[in-house]
Amino acid sequence: MNRALFAVLLALLLLSAGTARSQVPVKERQFVYGINAFAWAGYAGSLSAKPSHTIYVLAGHRSMVSPRETLVYFWPITGEYRADWSGLNASVPGTLEVWKSGRAAAVLARQMYVLQYPNGPDSEPAVLYVGEEAERRYRAFVDARERYRDAQVRYLEARGRYLEALDKAVAARQHGAPVTLPSPPEEPPPFRLFSSEVHDGFLIDLPPGQYTIRVRGSDGQVIAGSQRSLVAFTHRREAVGFTIVPQTRWTVPERADEPSSTIYARRDQILYFQPFAAREYSDLAYARLANPQSAEGRSDAWRWEYTQSLAGTQLQVAGGSGVEAIPGRPYRVEQKTGEALGYEVIEPPAGQPADFAGFKVRVQGTMSLVLLDPNGRPVPGSERIVRVPHLRTAWPLGIIPLLPLTLGAAVVAWRREQFRHASRPREG
Amino acid sequence: MGLVADARAATRILAVWRTSGRPTAAMIRLELSSTLTTLAPYAVVAVAAALAAFVLQNDLHRVQEDGLLVIGDPFAVSLYGGVLLLSVYVAASAAMAVAREREHGTVELLAYGPVSAFSYQLAKFTSHVLQYAFLLVLLLGAYLLLAARTGLHLRPTALLAMALSIGPAAAATALSLLVAALVRRVRPTILSVLGLAFGAVGLQVAGDVLARLPAPEFHVNPVQVLRWAAFTGSSITQWLLPFGYVDRVLSVTLRGDLTGAFGAAVAACAYAVVVLILAAAALDRTGLRR
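Heads up: the protein sequence lines correspond to chains A and B, in order. Heads up: the first sequence begins at 1 in my numbering, then just goes up one per residue. Heads up: the second sequence begins at 1 in my numbering, then just goes up one per residue.
Hints in this document: simulated from the structure, not taken from any laboratory. Treat the numbers as computed from the prediction; the structure is a model and nothing was measured. You may find that some hints are simply not true.
Derived lysine to any residue pairs resembling SDA-like cross-links, with alpha carbons at most 25 Å apart [claimed, not checked]:
{"no.": "1", "chain 1": "A", "residue 1": "50", "chain 2": "B", "residue 2": "227"}
{"no.": "2", "chain 1": "A", "residue 1": "360", "chain 2": "B", "residue 2": "70"}
{"no.": "3", "chain 1": "A", "residue 1": "360", "chain 2": "B", "residue 2": "71"}
{"no.": "4", "chain 1": "A", "residue 1": "360", "chain 2": "B", "residue 2": "227"}
{"no.": "5", "chain 1": "A", "residue 1": "27", "chain 2": "A", "residue 2": "86"}
{"no.": "6", "chain 1": "A", "residue 1": "336", "chain 2": "B", "residue 2": "66"}
Given the sequences, and given the hints that come with them, work out the whole structure.
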């Protein structure tokens, strides 16, 4: 009986497991906003579906929101709602109304747009083209891609002919005939430009503030479910941030973003400084900029975002040995061979590509650093102090906390002595 | 006429000083000499200094091993811990002093003299704030020695943060006096003060920890609920309890926002004054006598 019951339970368990595996997410047809928000690391694509969340954009920068109808489903692995664009991707006609403090701030018309990445997909910078420029740029991209494809075909044909001629030359040489080796064909330069297709949407470029957006359809009615809160936020502070690469640990760089931060290093340590223009944003707003559904980001925290590299300038180092202006140079990282594994940072030989560019600084006591602009003036917010701490001080640190305790013991002893002294005559 | 009015005013001030100022000053002196001649306050400073030594040793270890450490203020964490520890100690010490004197009936004797509930509470408050300032000087001495020994820089903002922390410490002392006035007995008073301190700090720490845990946004999730509860609780206690002022004053000062730092310190002082008046009123209502 028990065995039969166990078999039935096992069968039910297996069946339920099979059912769980074959579950497909339930998709719901919804009005959504497809968002391409400007961020310093490139445009961040995200979705604003139901339940609606505030959309965040960077004030003074161009972002796109695109009202669409699509199939939305919940993806439990990441805990987010996602769109099945391949199932349905219909544009919703109408105009976008932007409201601020109960007043209409702008009524935006739909525009065509395209995002292009000159250095390849997912690489900086990303460029947004809008209107006729978008269509022209997209056509130019398609033409350039076709030209590259043709050049690649021609190259492959030429390479085939070259290999054939090479084989013939080798065969002729084996027969003792005089041979002139053919020159190899030149490979076309790699095609890096990447472009999205041309889409339509609304260009958002707003001053800082809190807004409400909604779509009014061609029938003059506000489209149900299209209202969203939108926050255009800006930075709190600007400064120069540094990525610091220790020579002995170049794979794990440190960031010195906060202008008041101090850099502690070992004496004679070689550090490579890479400066970036940096801006400080609300942690919560920047996290939601990349994804309005994100549960990351804290409202009471701030984060530094690098906006551009400042490698083409000079770093002024003032220390015990005087003031020195260090130029930025390219550097190459080479893995050491043999048993002593590790890396070596060298200046790249001519013709070899560099891995990074930066300012090489050898730490010698307390030094103050400042980045100089092309006119030789200090860049505000780029000042940093490098200090060398006293290492190997384990035991004296343990003694210092005992000093207040010793003082306390002395005071207690003195007090007791006073008390004893005061009570003696009474005893006599 | 003016001269006569001035003379009358001066005479009145002198009379007030004789009747309640002098006893208050005497109580402050007595309280200070009794609290600072025990080992406990020095032990608390020693613990705060040991915490700083541990943190700094860890920083030195990182420089030794990694060759590099980028840090805003090496004393920031130690300062948070140290100031919080001293504030909680002084608050608990003030509450214990009042509760014990009420339980033993010492306050009843004072009530036969020219001592009002307000002057009594004011004396306890002032003596414990002065005690905090003295312990802060000791802690500063320990920090300076640690900074000199390690080569890790004690920034001027850290010194300013220490000075401004007197405001939140005064607020904590005033609150503990209010608790002592309301609760009467020693053990429940101490437990209440410690409960409020650790509750407020615990909520804040829990909120910080939970904020770092990933949680799905849309489905009901225990992390999400706990995070919301901790955040809501913390945002209330941040203003209602003085221990939130410690965090606010220190974080704003260490960031270099001097206007915000002075603002937070003034807010803490205003809190202290209001709560001290409430504490005196509570003591007056519940009675100096047993």
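Against the structure, test the hints numbered earlier, and report the numbers of the ones violated in rising order. Violated hint (a single one): 4; every other hint is consistent with the structure.
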